[in-house]
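J.: Each residue of the sequence shown is one higher than the one before, counting from 1 in my numbering.
I should point out that these hints are in silico values taken from the structure, not numbers from a laboratory. Keep in mind it's a predicted model, so treat the numbers as computed, not measured. Some clues are possibly wrong.
[Said to hold, decoys possible] Cβ pair distances, simulated, as ranges:
id, residue 1, residue 2, range
1, ASP171, TRP64, 30 to 36 Å
2, SER116, LEU67, 46 to 52 Å
3, VAL185, SER85, 19 to 25 Å
4, SER86, VAL195, 32 to 38 Å
5, ASN98, LEU67, 28 to 34 Å
6, ASP171, SER138, 55 to 61 Å
7, SER138, ARG206, 20 to 26 Å
8, SER104, TYR28, 32 to 38 Å
9, ASN98, VAL195, 15 to 21 Å
10, GLY40, VAL71, 55 to 61 Å
By construction, the Cβ of each residue, glycine as well, lies at the ideal position given by its N, Cα and C atoms.
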Amino acid sequence: MHRIILAILLASVAAFSQIVVSVDTVVYKNRDKNVFLAIGASALLPGMGELYLNEKKMVRPFLWADLALWVSTIGAYVVGDRYVSSAHNYAVRHAGFNGNKDVSLLNTVGSYRSRSGVYGQNSSPDMNEDYNQAMIRSGKKIDEDFSKDIEWDWGSSDNPESSKHIDEFKDRMRHYRISRIVFQVSVGALILNRVLSMLDAIRVYRATSTKSFSERVQFAPEFYDDGGALLMNVKF
């Protein structure tokens, strides 16, 4: 009986002597890092949170995406501004427009042929071609939205050249609106890119700063010619 107990004790000592305490650098490498700094870095420039946490795999994709989106955003803004200037100058030249580059005003200039009556009015005029008449019919003052001093006149719709001019103006304003949409989408994508980087930084921090006991402690049997042992691998 004593021999059996002694054998069990010896086996226990042998098993305990095989316990391996190892350090998993991936698990604990960021435990001293500040997660809020990582989040802030990603909010400022996507990918920087991952770089701060030494997780470089996603740094380049986030940075390149951000660069492309900035180019798209700035490009769309510049192109849109040029289309507005082009449309304004075109209206000044072909409709005698004397207003500024306000987009709302320019859209109105494209919606009505004149401010106070078309020169050389066509034989069957549409009353909505005259801005002032349209405002009066809708119960508004003619200067409720814009100063009464602002004038424009694209000419009669009976004149093909006049119709060509206003169509060209509308086309330039349409291109402005497309540029504006691209600008807004690009700004939204810039924000989304930052949100994704921030979430990824949180994910990386959680995965490399601490783990549950079940993840940190692993048991594995090992067999030798002269016996066996149960290894307990503890990750700190």
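J.: Decide, hint by hint, whether the structure agrees.
T.: Checked hints:
1. Look at ASP171 against TRP64: about 34 Å separates their beta carbons, and that is inside 30 to 36 Å.
2. Between SER116 and LEU67 the beta carbons are some 50 Å apart, a value that agrees with the proposed interval 46 to 52 Å.
3. In this structure the hint that VAL185 and SER85 lie 19 to 25 Å apart at CB holds, the actual value being about 22 Å.
4. About 36 Å separates the C-beta atoms of SER86 and VAL195, a value consistent with the hinted range of 32 to 38 Å.
5. Under the hint 28 to 34 Å, the C-beta atoms of ASN98 and LEU67, about 42 Å apart, miss the expected range.
6. A C-beta distance of roughly 27 Å is found between ASP171 and SER138, which places it outside the suggested range of 55 to 61 Å.
7. Taking 20 to 26 Å as the suggested C-beta distance range, the pair SER138 and ARG206 does not conform, at roughly 60 Å.
8. Between SER104 and TYR28, the C-beta spacing of about 59 Å breaks the proposed range 32 to 38 Å.
9. Between ASN98 and VAL195 the CB atoms are about 46 Å apart, so this pair departs from the stated range of 15 to 21 Å.
10. Taking 55 to 61 Å as the suggested C-beta distance range, the pair GLY40 and VAL71 does not conform, at roughly 24 Å.
The structure shown violates the earlier hints numbered 5, 6, 7, 8, 9 and 10.
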